[in-house]
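Residue numbers (UniProt numbering): 1 to 181.
Some clues are possibly wrong.
[Said to hold, decoys possible] Across the chosen pairs, the derived CB separations fall in these ranges:
no.	residue 1	residue 2	range
1	Thr-70	Gly-118	45 to 51 Å
2	Leu-72	Pro-172	53 to 59 Å
3	Met-139	Lys-79	28 to 34 Å
4	Glu-30	Phe-156	46 to 52 Å
5	Arg-64	Ser-155	25 to 31 Å
6	Pro-173	Glu-78	33 to 39 Å
7	Gln-34	Cys-159	44 to 50 Å
8	Gln-167	Ile-119	26 to 32 Å
9	Val-170	Tyr-59	36 to 42 Å
10	Val-134	Ser-81	20 to 26 Å
11	Cys-159	Asp-91	38 to 44 Å
[Unchecked claim] Result set (BS3-like, lysine-lysine): computed pairs, CA atoms no more than 27 Å apart in a straight line:
no.	residue 1	residue 2
12	Lys-74	Lys-19
13	Lys-151	Lys-79
14	Lys-147	Lys-80
Hints in this document: simulated from the structure, not taken from any laboratory.
Glycine included, C-beta positions come from ideal geometry on N, C-alpha and C.
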Amino acid sequence: MSSIQYPPPFNNKSKETWKSAVFEDIDPSELPSQWGGTKPDPEDRPLVAMGGQVPASYYTAPSRRLSTDTDLTKITVEKKSVFPVELTVTDVGSTLSWEFQTENYDIGFSVWFRPEGGIAEELVPLQRVNCHLVPEDGMLVCDKPGKYILKFDNSFSWCRRKHILYQVHVTPPNNGKMNYN
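Make the full structure from the sequences, and use the hints.
Right, here's the structure in full:
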C-alpha cells in the first residue's frame, strides 16, 4: 500500500530553500530570472510582466443582443415546464429559421416534426443553450408538410422561470430561382 506524501508546511527555512527544490525538477535555464532562473530574454525585457495596463486588443467584445426593434415575441417559460411554438408548413422545401435569447440563464431548445395525424419525431435534439450570453439561431429545410414545433424547455429548472425574446420565420421555397436582390 502506498502512502501520499505532502510537502512540509512553508516556514522561514522553505523561503530560503525553495529554489533548490524547484531546480530538482526544472533546469534553471528554463526559468526566467524573475523566478530565480537563468533563461535569457532575447529582447532584454522581462518575460513575466507584473501588472500594468491590459491592452485594449485583449478586451472581449460586448455580447450581441437581439434588437428590440425587430418583430420579436416575448414569452415566459415557467419553472419545470416546456413552451411549444407550433408552425404549420404546407410547402415542401420551405425554410424554417429561428433566433432567440433569454434575458438571464440558459434554456433547453429542440425542434420536432409531427405529420398530420402522425407521431412527432425530434429533428433538432434537445440541448441546453447559454443564449443569455449570445443569441441562438438556426434553420432547417422542411422536407415534409406538417407541424414543426420549436420547444423551449425549462423542465430542468426548479427555481427560475425564463424570459425569452424570439422570432421564427417560414420562407417558402424559391423553386430553383436565384434571388440576387
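Let me make sure I understand: some of the numbered hints might not hold for this structure. Which ones are they, in numerical order? 1, 2, 12
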